[in-house]
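**Student:** Letter by letter, the chains look like this.
There are 2 protein chains.
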Amino acid sequence: MAAEGRAGEAYGEAVVYRSDGPSAAARQGAVACLIRSVGGADYRLPHAGQTNYANDAPKIPAGAVTAEDADLIVDLVRQGPVRMKLVLTPQQLADVESYNVIGDIKGSEHPEQVVVVSGHLDSWDLGTGAIDDGAGVAVSMEAANLIEKLHLKPKRTIRVIAWMNEENGSRGSKQYAKDHGREDHFAAMETDGGAGHPLGINIKGKPELKKILAPVAAVLQDSGAGILNLVEHCGADIEPLEKAGVPAFSPIQDSRFYFNYHHTAADTLDKIVPKELAENSAVVAVAAYALANMEQPLPR
Amino acid sequence: MAAEGRAGEAYGEAVVYRSDGPSAAARQGAVACLIRSVGGADYRLPHAGQTNYANDAPKIPAGAVTAEDADLIVDLVRQGPVRMKLVLTPQQLADVESYNVIGDIKGSEHPEQVVVVSGHLDSWDLGTGAIDDGAGVAVSMEAANLIEKLHLKPKRTIRVIAWMNEENGSRGSKQYAKDHGREDHFAAMETDGGAGHPLGINIKGKPELKKILAPVAAVLQDSGAGILNLVEHCGADIEPLEKAGVPAFSPIQDSRFYFNYHHTAADTLDKIVPKELAENSAVVAVAAYALANMEQPLPR
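Residue numbers (this note's numbering), protein chains in the order written: chain G, 1 to 300; chain R, 301 to 600.
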């Protein structure tokens with residue numbers, strides 16, 4: 001599915017085994033739970049991520065084995081009972097204070113109306129978080145930088161947000177919703193799919209948005225990013241805004257290789273192609289500026 | 301280079317840093333030596349292999365870091381002196397007795413003349429050795445099996461050899477040369493490049509062999525394996541035979557991905573595409589049978 005551009009859907013189908021598998025197994029009497037790594041790599045690479053322990057099941061130890069080792073275990077189980085000894089070292093440390101990082105380019109006409117442009121600061125612990133989501137933070141900051149460099153004056157405020165703690169329950173964005181939820185959010189963007197070549201813009205909101213964004217898509221078409229795609233969801237950190245009815249957007253990114261690296265030790269800076277990172281910044285800058293300068297309010 | 305089909309050449313250029321780097325570093329006063337993993341993977345995957353300690357240099361500890369970690373170290377070194385603590389766990393255990401495994405299909409007319417068809421039994425320790433060189437052993441055994449199944453009667457003896465200890469100094473093949481070197485070896489084949497789609501046959505020997513093999517290539521052309529390619533070397537284990545002047549052959553294999561997995565923890569059975577493995581068996585069977593039934597001796 002990933003090779004055909006459906007990496008997000010593939011991940012969505014598989015990730016429930018990781019997030020909810022341990023509690024489901026515990027309800028069946030399991031004393032521990034191992035899942036096959038969710039992700040596309042075939043390089044003996046474990047892929048981990050959030051586990052949601054349900055309240056109605058024992059919190060049993062859980063881990064992810066590589067695809068290759070999952071195959072091996074399946075083969076062994078076919079031959080008879082398999083006994084495993086698990087040495088799982090992760091521990092839950094005490095919470096520490098951390099922050100969303102927020103910067104505004106004040107709008108010239110409607111400074112109180114905010115277009116959020118964002119990525120998240122934290123990463124899953126196995127890698128260094130270059131594609132998830134250093135790229136999204138870099139793209140968002142650079143989008144604002146491009147607007148400044150071009151001496152553009154957005155009519156509405158463009159607010160760059162580097163969200164804290166997306167990976168472990170989106171607590172940064174939930175706190176933002178508490179602190180800033182009553183402000184007038186005109187639109188929200190998030191880049192959280194790596195730095196693959198952008199193909200267009202995902203839209204979460206009224207179908208009419210597609211027509212409204214058509215002139216933007218026409219501009220982006222020259223760089224191969226002219227697709228407008230209605231989706232159910234545009235980003236974990238802008239979900240509270242989405243739920244409040246704020247139109248949400250994200251770049252459509254080439255995701256064919258994203259889940260080979262995402263949440264693994266191989267999510268390192270060398271996976272970022274500078275030209276493609278820059279292309280994403282351009283798409284987000286164009287979209288953000290267009291949104292900030294829309295003549296009319298967006299339908300909700 | 302690998303993507304363009306030059307994986308073997310790329311490996312050859314890079315592997316000297318692993319094999320001879322530690323002694324070269326020791327001569328410069330190094331107390332330990334880390335090399336960038338030789339291999340194509342960008343999945344934070346260490347690639348190891350034989351190290352040749354020279355007699356004229358201290359035997360310093362040596363290790364391979366992943367490409368990503370090599371990049372990181374290079375970046376840090378640019379910023380100032382870097383201090384590292386190495387915990388290297390490998391140890392050299394005592395030798396134990398092991399064996400080449402040899403099986404003959406006796407020739408009907410010249411049983412004393414031998415066509416060797418081979419792969420090697422051992423593997424480097426990080427992976428399970430599916431592509432290096434379980435595939436070569438399987439291809440060689442299956443080639444003989446195909447000849448039997450087809451009720452073909454080779455005129456010369458076809459000798460399947462699963463060589464022991466290629467990785468650590470080719471001691472199995474050296475012992476074979478001692479024990480069997482005086483026998484009449486008509487030709488020798490080795491498959492030691494994985495199980496990628498075969499493209500033809502490598503030839504180590506007199507250029508006239510290309511013309512002699514042309515009818516074989518014509519048969520193989522139908523399955524896309526019609527290339528005949530003169531090379532300097534056809535396989536580590538048949539090198540003693542090559543050096544004795546025995547014409548040597550190996551399948552030309554799609555090597556684009558071979559060094560992504562070779563000598564890593566990811567060299568596991570799932571990397572073998574059964575259809576391509578079978579294609580290699582077919583090519584080796586056709587070539588071996590053709591060699592065993594040549595009307596004339598091969599030029600040396």
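Please note that the accuracy of each hint is not assured.
Not close to chain G: a few residues of chain R, all C-beta gaps over 10 Å, as computed [as the list claims (entries may be wrong)]:
no., residue
1, R327
2, A354
3, E448
With the C-beta cut set under 10 Å, the calculated list includes, among others, these residues of chain R facing chain G [as the list claims (entries may be wrong)]:
no., residue
4, A341
5, R344
6, L345
7, A348
8, E368
9, D369
10, L372
11, D404
12, S423
13, G427
14, N560
15, A566
16, T568
17, L569
18, K571
Here are the in silico distance ranges between beta carbons for each label pair [as the list claims (entries may be wrong)]:
no., chain 1, residue 1, chain 2, residue 2, range
19, G, E97, R, V316, 30 to 40 Å
20, G, E9, R, A324, 23 to 33 Å
21, R, E508, G, E9, 37 to 47 Å
22, R, P574, G, L93, 40 to 50 Å
Everything labelled a hint here was simulated from the structure, so no lab data went into it. From a predicted model like this one, the values you see are computed outputs, not experimental measurements. The C-beta atom is built at its ideal place from N, Cα and C for all residues, glycine as well.
**Student:** If a hint holds in the structure, say so; if it doesn't, say that too.
**Tutor:** Okay, the hints, checked on the actual structure:
Distance check on R327 (chain R): its Cβ is at least 31 Å (rounded) from any Cβ of chain G, clearing the 10 Å threshold; non-interface status holds. With a cut of 10 Å on Cβ distances, A354 (chain R) stays outside the contact zone with chain G, its closest approach being about 33 Å. For E448 (chain R), the non-interface assignment is confirmed: its Cβ lies about 28 Å from the closest Cβ of chain G, beyond the 10 Å cut-off. Interface restraint check for A341 (chain R): the shortest CB-CB distance to chain G comes to about 6 Å, inside 10 Å, so the restraint holds.
With a cut of 10 Å, the hint placing R344 (chain R) at the interface with chain G holds, because the nearest CB-to-CB distance is about 4 Å. Hint status for L345 (chain R) relative to chain G: holds, with the closest Cβ pair at about 5 Å, below 10 Å. A cut of 10 Å between beta carbons decides the hint on A348 (chain R): the least distance to chain G is about 14 Å, and the hint is violated. Hint status for E368 (chain R): holds, given a least beta-carbon distance of 4 Å to chain G, under 10 Å.
Among the interface hints, the one on D369 (chain R) holds; its C-beta lies about 9 Å from the nearest C-beta in chain G, closer than the 10 Å criterion. Here the hint on L372 (chain R) is kept, as its CB sits about 8 Å from the closest CB of chain G, short of 10 Å. For D404 (chain R), the interface hint is violated, since its Cβ never comes within 10 Å of a Cβ in chain G; the closest pair sits about 33 Å apart. About 14 Å separates the beta-carbon of S423 (chain R) from the nearest beta-carbon of chain G, more than 10 Å, and the hint is not met.
The restraint placing G427 (chain R) at the interface with chain G holds, with a minimum CB-CB distance near 8 Å, inside the 10 Å limit. For N560 (chain R), the interface hint holds, since its Cβ comes within 10 Å of a Cβ in chain G; the closest pair sits about 8 Å apart. Hint status for A566 (chain R): holds, given a least beta-carbon distance of 4 Å to chain G, under 10 Å. For T568 (chain R), the interface hint holds, the least distance from its beta-carbon to any beta-carbon of chain G being 4 Å, beneath 10 Å.
The interface hint given for L569 (chain R) is met, as the beta carbon of that residue sits about 8 Å from the closest beta carbon of chain G, less than 10 Å. At a threshold of 10 Å, the smallest CB-CB gap from K571 (chain R) to chain G is about 7 Å, leaving the interface hint in force. For the hinted restraint 30 to 40 Å between E97 (chain G) and V316 (chain R), the CB-CB distance of approximately 52 Å leaves it violated. Checked against the given bound of 23 to 33 Å, the beta carbons of E9 (chain G) and A324 (chain R), roughly 51 Å apart, lie outside it.
Restraint check, E508 (chain R) to E9 (chain G): a C-beta distance of roughly 58 Å breaks the suggested window 37 to 47 Å. Taking 40 to 50 Å as the suggested C-beta distance range, the pair P574 (chain R) and L93 (chain G) conforms, at roughly 47 Å.
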